[in-house]
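J.: Line order of the protein sequences matches chains A and B.
No gaps in the numbering here: position 21 of the first sequence is 21 in this note's numbering, and each next residue is one more.
No gaps in the numbering here: position 57 of the second sequence is 1057 in this note's numbering, and each next residue is one more.
What the hints contain is simulated information worked out from the structure, not anything from laboratory work.
Warning: the hint list may mix true and false statements.
When the alpha-carbon atoms are kept at most 25 Å apart in a straight line, the in silico SDA-like pairs for lysine to any residue are as follows [as the list claims (entries may be wrong)]:
id : chain 1 : residue 1 : chain 2 : residue 2
1  : A       : K85       : B       : D1290
2  : B       : K1234     : A       : A26
3  : A       : K234      : A       : A286
4  : A       : K98       : B       : D1084
5  : B       : K1098     : A       : L187
6  : A       : K85       : B       : A1086
7  : A       : K234      : B       : A1086
8  : A       : K85       : B       : D1030
9  : B       : K1098     : A       : K121
10 : A       : K98       : B       : E1270
11 : B       : K1098     : A       : G185
12 : B       : K1098     : A       : A26
13 : B       : K1121     : A       : L187
14 : A       : K98       : B       : E1159
15 : B       : K1085     : A       : M148
16 : A       : K85       : B       : K1121
17 : A       : K121      : B       : Q1249
18 : A       : K233      : B       : K1233
19 : B       : K1121     : A       : G185
20 : B       : K1233     : B       : E1159
21 : B       : K1234     : A       : S152
22 : A       : K233      : B       : A1026
23 : B       : K1085     : A       : K233
24 : B       : K1085     : A       : Q97
There are 2 protein chains.
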Amino acid sequence: MQSFATLVTAFEERFSATLPFPAAPANLYDPCRYLLAIGGKRVRPVVCLMAAELFGEINDDAWHAAAAVELFHNFTLIHDDIMDKAPLRRGQATVHQKYGLTAGILSGDVMCIFAYEALAKATRALQPMMQVFNRTAIEVCEGQQLDMDFESRDNVTIEEYIRMITLKTSVLLACSLKMGALTNGALGDNANKLYEFGKNMGIAFQLQDDYLDAFGESDKLGKQNGGDILANKKTYLLITALAQADANQRAAINELLAGNAPDKVQRTLELFSATGADKACRAAVARYSDLAFAGLEDVAIPTARKEPLRQLAAMLLERDK
Amino acid sequence: MQSFATLVTAFEERFSATLPFPAAPANLYDPCRYLLAIGGKRVRPVVCLMAAELFGEINDDAWHAAAAVELFHNFTLIHDDIMDKAPLRRGQATVHQKYGLTAGILSGDVMCIFAYEALAKATRALQPMMQVFNRTAIEVCEGQQLDMDFESRDNVTIEEYIRMITLKTSVLLACSLKMGALTNGALGDNANKLYEFGKNMGIAFQLQDDYLDAFGESDKLGKQNGGDILANKKTYLLITALAQADANQRAAINELLAGNAPDKVQRTLELFSATGADKACRAAVARYSDLAFAGLEDVAIPTARKEPLRQLAAMLLERDK
């Protein structure tokens, strides 16, 4: 059983040595190489490998599936950054910012296709892997659409928000785990339990991200606190604060949302605390984490084999400590 | 053996009755439904079905493959129209024109994924179909990139142009034929010969499109002659005219390219004729048509079965008569 760090290194080496992009047309493939070179945590491919290792050795099909989810994830980053008009990604210029809109669209498209090309190299369980991958890819698009739809809505509920983050970010983590399991012939029940583990993990992780963006230690995160607040982003905190606020608090929040007061972040944080939204968010993180860990316990393999996944989940969910 | 018209009707009925898009999120799926509803000739799915029928009955896998190529083709139309800043498609507003840029990007993305979802329903020959489909999808992106690269280049050769149109348009026709053949267990040699038939057909068809845009009877085509000329598009005609021009003719062409004279179309057409580019284009159409038909003869099945494909090719290549 290999640790997260070991598998990240192994994946990075193999992935960068086998990148599928030809030299030409350079205007198509340079943007692909650029984005993959600026890094990322590689969580999705590594949990795919970890899930494979739950049931045996990591075989070629697992490496193909891991490459597929990483390529797919990076494709969505390119197109999401266009839609979000984001200038920076991992501290570097986004693809469309550096290479232009058409390069962003087309290099994203081809990266998506290369994800399928990587997956199609799998010789075992191709059809079940394709099924979960397609369903997931569709859901990721739907999640991105919901996220954009929410921008112009004032009545987003917590249930809708959880559904959006589930589709936009959690299902790909879940899919990565399930595909890894399938590469070693895991039975449907075990594969589906790993999927649920990944889904709940992903939700917990995203909710914690909401929390840390507001209340985290900015120097540890490498970014300024309150980015979501300044962008009026409908996070778990804001939706909950509005739902739990009394009339005065709600008026204060809406006034802050309507303007750009210099102390907007500080005053919003105070209202998040006063309404109990901060506690509710931490409680939700704990709830989805508990669900995730309980689901992992249910997977019918020896406990010791689950240790790397459990450690990774604990690491991801306690990164502010 | 069914005719093109019969199969178009059959495909339209089945395709529209089994469209995979859910109702919500409407902002994601309405643009998909919109584009598919404004039609198209459905040449690609129908040649896929015809190729299947060369080797047996049209089975479910053939219908899945046909749906996949039509969905993929429409995905490329959505994104190409964004990149080309095209306001109209088949006489209607393009997707990004009607629904906005982000809807264009995201609905294109999800349509591409639904193409893979349709293909993944195939139970026989999934892996060989995925291989040719992936290779083709990558080439289509490369062709679109080359097309855009050519806009800012003055030294595009005929060989480069043929390669660009091969990638951008011909290989998807070729892939449709090969996948159809694979659904009925055609042997590699026959499937590859059909691929070559489709590739040469597609090149002939595109070159004829270049010719008709300049010299066709505008009322038959439903569009004005000379659109490519007004857009300074580097077509077979323009590249050949520049290559075959004497010094005076070349200066005249370059002067026309640099300006927007009211008689630009007429004078350019005269130069296409004077340099022999018109004849060269017709000769190239004939050459690739001959290659295509000869390749079809070589497919090892009874001649009578090939009649619908031969008739379709003849119809597509003689549509100005």
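J.: Checked against the structure, which of the hints given earlier come out wrong?
T.: Of the numbered hints, 1, 5, 7, 9, 10, 11, 12, 14, 16, 17, 18, 21, 23 do not hold.
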